[in-house]
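Taken in sequence, the protein lines are chains A and B. Just so you know, the first sequence maps onto residues 1 to 188 in our numbering. Just so you know, the second sequence maps onto residues 1 to 164 in our numbering.
Derived by calculation from the structure, the hints in this document are not laboratory data. Built from N, CA and C at the ideal position, the CB exists for glycine as well. Any given hint might turn out to be false.
Said to hold, decoys possible - Examples of chain A residues lying across from chain B (beta carbon under 8 Å, computed):
no., residue
1, TYR21
2, ASP22
3, LEU29
4, SER31
5, ASN90
6, SER145
7, LEU151
8, PHE157
9, LEU175
10, ARG179
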Amino acid sequence: MSLMLLGILNAQAAGGGGGAYDLLETTTLGSSASSVTFSSLGAYSDYAHLQIRYVVRGAEASSSKDHFINLNGDTGSNYSYHTLRVNLPNVVSQGYGNQSNYFIGAVAADDVGTGIFSPGIVDVLDFASSSKNTTLKTLGGNVSSNNTVYLSSGGYFSTNAITSIAFSLNSGDYLTGTRFSLYGIKGA
Amino acid sequence: MATPTYDLLESVTLATSATSVTFSSIDQSYGDLVLVCNLGANNANGLSAGVRVNDSTTDYSFVLMRNSGSSTQGIGGTAGYFKFFNSAGNTSSKALHNMNFFDYSSTDKHKSVLARHNVDGTAVSAVAYRWANTNAITKLDVMTNSSSYEFAAGSTINLYGVAK
Chain A
1 MSLMLLGILN AQAAGGGGGA YDLLETTTLG SSASSVTFSS LGAYSDYAHL QIRYVVRGAE
61 ASSSKDHFIN LNGDTGSNYS YHTLRVNLPN VVSQGYGNQS NYFIGAVAAD DVGTGIFSPG
121 IVDVLDFASS SKNTTLKTLG GNVSSNNTVY LSSGGYFSTN AITSIAFSLN SGDYLTGTRF
181 SLYGIKGA
Chain B
1 MATPTYDLLE SVTLATSATS VTFSSIDQSY GDLVLVCNLG ANNANGLSAG VRVNDSTTDY
61 SFVLMRNSGS STQGIGGTAG YFKFFNSAGN TSSKALHNMN FFDYSSTDKH KSVLARHNVD
121 GTAVSAVAYR WANTNAITKL DVMTNSSSYE FAAGSTINLY GVAK
């Protein structure tokens, strides 16, 4: 039996937002750029957490690009990360401390077919806190010539509130059409 | 200006078992879609299931990592739909599937999907998918791979829109 969504079942449609998860900003690149930064996060301190959803592709031709985050413009050795990812046919784990950024994972570069981009979702927890180090987590993937899917966690060892978050690649620009959307998640 | 989003677009709770649930004429005004399924099955051994886009049976690829017992696996491949991994539960357990469809209404990008699949007491997996087609997604079929198998009554399927 195949059931279409025709009201046969207990189906309902709804619209409108509840206000607990809000779109704050979106950057969609109209031309290539070496980084994308959300720089006014202090204005969103009434949210508990931030989420960034991205669809990206590097403009340089290489097998893939490494994707990074820096917080508050800090490039000191104040980051750590742990990653669980696919390196076909294996699942591999990595962890590093004292890094100059948070390595999210690998994304598509410009050596693959037109239209291929890599998605990801980053959560930044308690970003406005001035008493906690900042914790991040990511789910991302790259289904192209370099297949992978990854879960990662990042630590930023500063108790400063997060006022900016910058995304960049290990080299080259993001391709036109790359998109980053920033969301705020309300707390208690 | 903040825009409330993560809007419920469609919600289905199966009153009787079914082989598929279809969302058609999907609102094209959002950036991403999120599909959340809590599924049981009508057979004790579980069933294979997944999501088909726009009635297309080609151009789906995936890479996944999972633990379905004592070991981890990394697998890449192709399928005729976005295949759920570790089935869709069985008569005694439920499977939770969370799928994010990015830039689903674009007409210049292949459609990228990130998913987590979890089966009660059985398995957990993370999957990246790509549908190698630039058409906007207007229809999703959540389906079993055989007419002999059905999603159990009580299964829930919800579709959300996330603005960009």
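Hints, verified against the model:
1. TYR21: 4 Å, holds
2. ASP22: Holds, about 4 Å.
3. LEU29: Violated - the Cβ of LEU29(A) stays beyond 8 Å from chain B, reaching only about 13 Å at its closest.
4. SER31: Result: violated, 15 Å to nearest chain B Cβ.
5. ASN90: 5 Å, holds
6. SER145: 11 Å, violated
7. LEU151: Holds - the Cβ of LEU151(A) comes within 8 Å of chain B, reaching about 6 Å at its closest.
8. PHE157: Status violated, d = 27 Å.
9. LEU175: 11 Å, violated
10. ARG179: Constraint on ARG179(A) satisfied, holds at 7 Å.
Hint check: violations occur at hints 3, 4, 6, 8, 9; the rest are consistent with the structure.
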